[in-house]
Amino acid sequence: VASPMKNQMLPPKPSPPPVPKVISKGVVNGSAISLPKPPYPPAAKAVRAAGTVSVQVTIDESGNVISASAAGGHPLLQQAAVSAARQAKFKPTLLSGQPVKVTGIITYNFVAQ
118 VASPMKNQML
128 PPKPSPPPVP
138 KVISKGVVNG
148 SAISLPKPPY
158 PPAAKAVRAA
168 GTVSVQVTID
178 ESGNVISASA
188 AGGHPLLQQA
198 AVSAARQAKF
208 KPTLLSGQPV
218 KVTGIITYNF
228 VAQ
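Mapped onto the numbering used here, the consecutive letters of the sequence shown carry residue numbers 118 to 230.
Since the hints were derived computationally from the structure, they do not count as laboratory data. Ideal Cβ positions, reconstructed from N, Cα and C, are used throughout, including at glycine. Be a bit skeptical, because a hint or two may be false.
Each computed DSSO-like pair below joins lysine-lysine, with the alpha-carbon atoms no more than 27 Å apart [said to hold, decoys possible]: (1) Lys208 - Lys162; (2) Lys142 - Lys218; (3) Lys218 - Lys138; (4) Lys206 - Lys218.
Taking CB as the label site, the calculated pair distances span [unchecked claim]: (5) Ser141 - Lys162: 30 to 36 Å; (6) Val164 - Gln215: 45 to 51 Å; (7) Ser151 - Lys218: 36 to 42 Å; (8) Lys138 - Ser186: 18 to 24 Å; (9) Pro209 - Gln173: 32 to 38 Å; (10) Ile183 - Val144: 15 to 21 Å; (11) Ser141 - Lys206: 17 to 23 Å.
Please model the complete structure; the sequences and the hints are all you need to start from.
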């Protein structure tokens with residue numbers, strides 16, 4: 118007669134998935150603590166350039182922009198937008214209680230002056 122096993126081994130609990138090092142948030146304008154407005158470049162003024170410029174940013178665990186590059190918009194407006202984006206400040210993003218890097222887009226609207 119086979120005796121039932123009293124000390125059945127339970128399968129090991131799966132370890133929690135690792136916290137991603139960088140998460141993507143889409144448009145991040147709304148979570149900025151400080152979002153300086155870019156100056157309207159004189160060359161853009163001369164040709165009345167206007168429109169939206171998108172800047173791809175990476176924000177570190179402290180909420181500082183560590184990289185910024187133009188992702189779209191009028192070429193004469195891009196440099197001003199990238200410079201302003203580099204000075205933006207964000208609340209740190211927490212994932213499972215741990216601060217993480219975030220990638221996202223800051224959009225700037227330039228109106229012809």
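Results for each hint:
Our distance criterion of 27 Å between C-alpha atoms is broken by lysine 208 and lysine 162, whose separation comes to about 33 Å. Taking the CA atoms of lysine 142 and lysine 218, the gap is about 10 Å. The hint holds against a cut of 27 Å. Of the pairs offered as hints, the one joining lysine 218 and lysine 138 holds, with about 6 Å between alpha carbons and a cut-off of 27 Å not exceeded. Restraint check: the Cα-Cα separation between lysine 206 and lysine 218 comes to about 13 Å, which is no more than 27 Å; the hinted pair holds.
Roughly 34 Å separates the CB atoms of serine 141 and lysine 162, a value that falls within the hinted 30 to 36 Å. Taking the beta carbon of each, valine 164 and glutamine 215 are about 47 Å apart, inside 45 to 51 Å as hinted. Distance hint for serine 151 and lysine 218: a CB-CB separation of about 18 Å, inconsistent with the stated range 36 to 42 Å. Restraint check, lysine 138 to serine 186: a C-beta distance of roughly 19 Å satisfies the suggested window 18 to 24 Å.
In this structure the hint that proline 209 and glutamine 173 lie 32 to 38 Å apart at CB is violated, the actual value being about 19 Å. Between isoleucine 183 and valine 144 the C-beta distance comes to about 18 Å, which sits within the given range of 15 to 21 Å. At roughly 19 Å, the beta-carbon separation of serine 141 and lysine 206 lies within the given 17 to 23 Å, and the hint holds.
Of the hints listed earlier, those the structure fails to meet are numbers 1, 7, 9, in rising order.
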